[in-house]
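**Q** Below are the chains, spelled out letter by letter.
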Amino acid sequence: MLDKNLVAEILNEALSSGGDYAEIFVGNTLVNGLYTSERKIKSSNSSLSYGAGIRIFDGVNFVYAYTNLMDRENLLKTAQIAAKGIKSNKKDISFDLRDLELERKHQIQKPFKSKSKKDKADLMLKISEYALNASPLVCKADANYSEITRQTLLANSLGVWAEDTISRSRFFLTAIAQKDNVIEKAIDNFGGLYGLELFDNRNLQEFAENVSADSVSQLSAELCPSGKMDVVIGNGFGGVIFHEACGHGLEAEGVAKDASVFAGKLGQQVASPLVTAYDDATIDHAWGSINVDDEGIKTQRKLLIENGILKNYMVDRLNGRRMGMEPNGCSRRQNYTFAPTSRMSNTFIANGKSTPDEIIANTENGIYAVKMGGGSVKMSTGEFNFSVDRAYLIENGKITKQIKGAKLIGSGAEVLQNIDMVGNNMSLGCGMCGSISGKIPTTVGQPTIRVKNITVGGQK
Amino acid sequence: MQAQEFIEKLYQASQAQGINQFQIDYSQSENLSLKVMDGKIEKRSFKNTQHLSFSVKEGQNIGSFDCGELEEKNIPLIIKEAKENALLMNNEEENFFFGEKREYPVVKRNTPIKGYETLDKEQFLLNLEKEAYAQDKRVKKVISCYLNEGTYQNTIRNSLGLNVSEGGNWAFAGIYLSVEENGIIKTASEYVKFDKKEDFKPELMAPKAVEKALKKLNPISIPSGKYKIVFENECFAEFLNVMKNLFSATAVEEKHSKLGDKLKQKVAADSVTLVDNPLLENGYDTRAFDGEGYPSQINVIIQNGMLQTLLHNLRTAHKFGVTPTGNGVGGGSRGVSYSNFYLENGNLSKDEVLQQTKDGVYITDLTGTHAGYSTVSGDFSFGAEGFLVKNGKIDKSLNQLTVSGNVYQLWQDIELIGDDIKFTPDGCGSPTIAVKPMQISCN
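Those sequence lines, one after another, are chains A and B.
All residue numbers for the first sequence refer to this note's numbering, where the first residue is 152 and numbers rise by one.
All residue numbers for the second sequence refer to this note's numbering, where the first residue is -16 and numbers rise by one.
Looking at chain A on its own, in the form it has when it is part of the complex (with noise of 0.2 Å):
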């Protein structure tokens, strides 16, 4: 995208008030939506968005700028205007901009361009179809589409130059049911590093029809009771708890600032000795996944809790200096308006032992929340909250009532020793994540697991 002898002379200038470390990350992004509805197209967007962030170390402190002007004299403003913000003695910096050899995983095998936007709103319009065939309650069924090819290069002062092209897809199928004044939604999507294979090998009609029953089912569920009970959390996006309760209080930028619940507990118990989770990066196709971070750091699997003891955290290089860890490929942002930081990439509880059939059965009271809305969690207290999209009552360890407006609040840390059960059934499920790097893809997941006595909100 730009030329090794510009960069390296941006760099130089960027280093020429005494920076330390500098590094320049150039993002180009294509984006292509689509949102059928009502049986038309009802839009088609497309965006290319281009720009480069110049970054400055100062021991732990650091400037950053960005701009998407991006011919090579207002490059080199720009790293003027980034070195006028470090005041330090000129370091003797001398380094050669080298390829960082990456094994280029997720290539995707039908290109974007290999069918006509037509086209795929057009198998869009069918899949929706299939929803609104499903049931005669179901008065709405919207699509969405989207691609994106985010190529990247990040070359710094130690030597990197890291190219990489990554390229992605997301569907998403909403339901809407109506009965009288009652109206209902239920959402589902998939995602990944593909191509137009995305929709490949898949059954879209079983798809559709789910997301159709589920919208119908929820007309009829009952309000949620409130207070504390065990809650039943359902495989695949109900990791979500995981990600919010603890995930992001291992990444190293609440950490190194002792903003999180987490920080100085390496090799101590923070969850129940059932709980073994990742953080990984490489996962064929996974919609999380990269194969060099936004700092020019190959990606890893990084072992997060073994049998609830505190492994390790996700560490950028700027963090990583603040507690004296290396990083360990973790460092993402949105696109070039962001300073990259330490961030999930796809983030699961392992495997345990229990079938979800006897995690049910061994509930006397509580709920089984199937699928999990999304939630948030704030790091220095480690207070989460979600929501449910998809819950049931269960009594005397059988599943009954269908209820609706759950939200499950509490501790990250208090749920994390509270786990008490985990299912076999581990999967993945899509997200986008956001924080004060922006928003990236991001893969939640887990087996079926059973938390003791979380309170639970609800209507009733």
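Treat the hints with care, as some may be off.
As the list claims (entries may be wrong) - 25 Å max Cα-Cα, derived PhoX-like pairs, lysine-lysine:
| no. | chain 1 | residue 1 | chain 2 | residue 2 |
| --- | --- | --- | --- | --- |
| 1 | B | LYS227 | B | LYS63 |
| 2 | A | LYS264 | B | LYS63 |
| 3 | A | LYS291 | B | LYS238 |
Because the hints were derived from the structure by calculation, they are not lab data.
Please arrange chain B on chain A, whose structure you already have, making use of the hints.
**A** Quick look at chain B alone, frame taken from chain A:
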């Protein structure tokens, strides 16, 4: 290439290709952001970016392409993509560009007052952090201490003759900190926007944030059940931001609002007046025109509990057979946007609202609002922080809460409205309000 030169070339290329109707939305912005950590400037960030959205009308539809890199080589791609997008859509209703010659209102946006330009911003932040730690031994960590400022300029130009521009500058600073006692950690934040003299004094902002956080210490638990709720002004303003889409015509079309057939009907308590006012003096979202270039106007959405209007862009206004309300969005989105969106003051002081409520729960923070709200049913269940209200006064802090209900019911259940409207940087504003009992669950 210079932006004006690029726009001119794009304009000419579009005409040369025989495109009948097209529009260029261009914005340019520069920002500075500073952050202090442990007595040092931890982060300095500078931004200089531009953004262009090119839209083409083909038949009934408008298609767009968004791009930041304004190089001549991109012009064919920009035109091709926008045109292709327009030709692909098959909406039945017509989309429009705005081209009428109209007078635009003169507005006064929120902007830092005289004296800001000479402020030593780094010293201001260093002092702010220091003041916060000096307030109380229980201050555990100043998690974030920051200042952001920026300038922006937006231009809309189209083939119907529209050519309007608007720009401004802004600045705000804030602090977010935690306090700890007996193993309990609580957080609070405070911010200023440098539009009054006091805003320049860290010694005034730091104690406010610390006091807010300290009040939350030593929380108690209450049994789950129904409690009368008092929402702190800023907290309900945030809630408004979550649910404001209820009042947009596009949400009605999409079944994400049930208010489509409620015009001129009672949708809220008699005392409720809800306004979207882009002309508000010193407002965060004050503007002379909307994203489609339509002149701004004040829209009273609910008056004395009656729904008066939905908010429209050019397309929805035409479809619904009403005049546009000046709430359009340009570029590729063509949705509905809001300006200064607020619940009007009532005539009770905050203390009177609490006294008349007598017993209940005072909510100061909502969490997880992005996930706990079903736009189709209106049901919500949020995480929350708050205090017990006992004998008309704010009493002990409470453990983490959930508050659940339904937004349509909530509007009807507003009982008391304070006179202390406060705006959030999202542009939403509310006074303190009290509502009929809602379901609370406490950790």
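**Q** Please go over all the hints and tell whether each is borne out by the structure.
**A** The hints, checked one at a time:
1. A threshold of 25 Å between alpha carbons decides the hint, and for LYS227(B) with LYS63(B) the separation of about 36 Å lies outside it, so the pair is violated.
2. With a CA separation close to 15 Å, the supplied pair LYS264(A) and LYS63(B) stays within the 25 Å bound.
3. Of the supplied pair hints, the one linking LYS291(A) and LYS238(B) holds, its CA atoms being roughly 9 Å apart against a limit of 25 Å.
The structure fails hint 1 only (numbered hints given earlier).
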